[in-house]
Amino acid sequence: MATNDVAHHFDNAEQQARAVALGIWVFLATELLLFGGLFSAFIVLKVQHTEVFSEAATHLSLFLGTLNTAILLTSGLTIFLTEQALHAQRRTLAIGLLAATAFLGCAFIGVKGYEWHHEYQQALLPVLDVRFHYPGSAPEVAELFFNFYYIMTGLHVVHMLVGLGLLAGMGVAVIRWRQPKTLNRRATLIALYWAFVDIIWVVLFSLLYLQGA
Amino acid sequence: MQWRTALLAWITLLLLLTINVAIAVFMSDSLWSLIINGISTTVMAAIILIFFMRLNDTTALLRLFSLGGFLWVGLLLFFTLMDIYTR
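Top line first, the protein sequences correspond to chains A and B. Going by the working numbering, the first residue of the first sequence is number 132, and it counts up by one from there. Going by the working numbering, the first residue of the second sequence is number 103, and it counts up by one from there.
Just so you know, the hints here were simulated from the structure itself, not pulled from any lab data.
Now the in silico label distances, taken between C-beta atoms and shown as ranges:
id: 1; chain 1: A; residue 1: V178; chain 2: B; residue 2: L117; range: 28 to 38 Å
id: 2; chain 1: B; residue 1: A124; chain 2: A; residue 2: H139; range: 54 to 64 Å
id: 3; chain 1: A; residue 1: E274; chain 2: B; residue 2: L173; range: 31 to 41 Å
Chain A residues, not near chain B, derived (Cβ > 10 Å throughout):
id: 4; residue: V137
id: 5; residue: D142
id: 6; residue: G227
id: 7; residue: Y245
id: 8; residue: W247
id: 9; residue: V261
id: 10; residue: L292
id: 11; residue: L297
id: 12; residue: R317
Where chain A lies over chain B, by a calculated footprint (3+ residues, C-beta under 8 Å):
id: 13; stretch: 146 to 158
id: 14; stretch: 164 to 176
For glycine and all other residues, C-beta sits at the position ideal for the given N, C-alpha and C.
Can you build the whole structure from these sequences, using the hints too?
Here you go:
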């Protein structure tokens, strides 16, 4: 028998929760293939132009990359704890943890924006007809590196912005506190999505920043 | 206590990040640096998958779907690199 918290086509809440989790994992698998294609293309170019790519990577800020990784890993913890707080029906704690996650997400984007601006000032932004001036060897190959850098980090930031939008919607729902069991399911979805975005960044950090350290 | 496990997972992730950066800075010319960074990054991704995405506490079907996605990307990378290195 369906209740208000369970959609009519599910037998019970547990079955619905399982279906929701399966749905988000299928979605994340398609996202993984999107980023997987980019990772593969980057690795192929890295193998073919190892020295130029390593030299180009030295123009990125390892400090800011590391700081952003720590920020995102911490936000992964806070979103996980948000989910736990909602399951325990602790509304105030959940609101605080959601706010902390959103703050950390904004901090990540702020640091990334600062980094992009710094690279733009160094004429290392090969998009939209902006003048690209690379001081090292083989600038045409280095331009490839920076193309991939902006595409991959840009796509990641787009995912972060989607995540922040989901967090904002979740925040409003938690403040209203209607149908708490539905909130649990939403929190699980958002926590899975956010953790996935964490994983993508960990790989990006390793591919882009660590190779030129 | 799941929050305790999550806290331990987070501390481990930060430790691995520190190791990754330290090795990249101090052993940058070594092949070992590349290998250790690769292993460390894989372990970090696995920790997020297992603890933050709760693969340790889910159904076999979900584990299959999640690991399937990573398996296909792994195969894509493996065969692409095999093509490059065996030409």
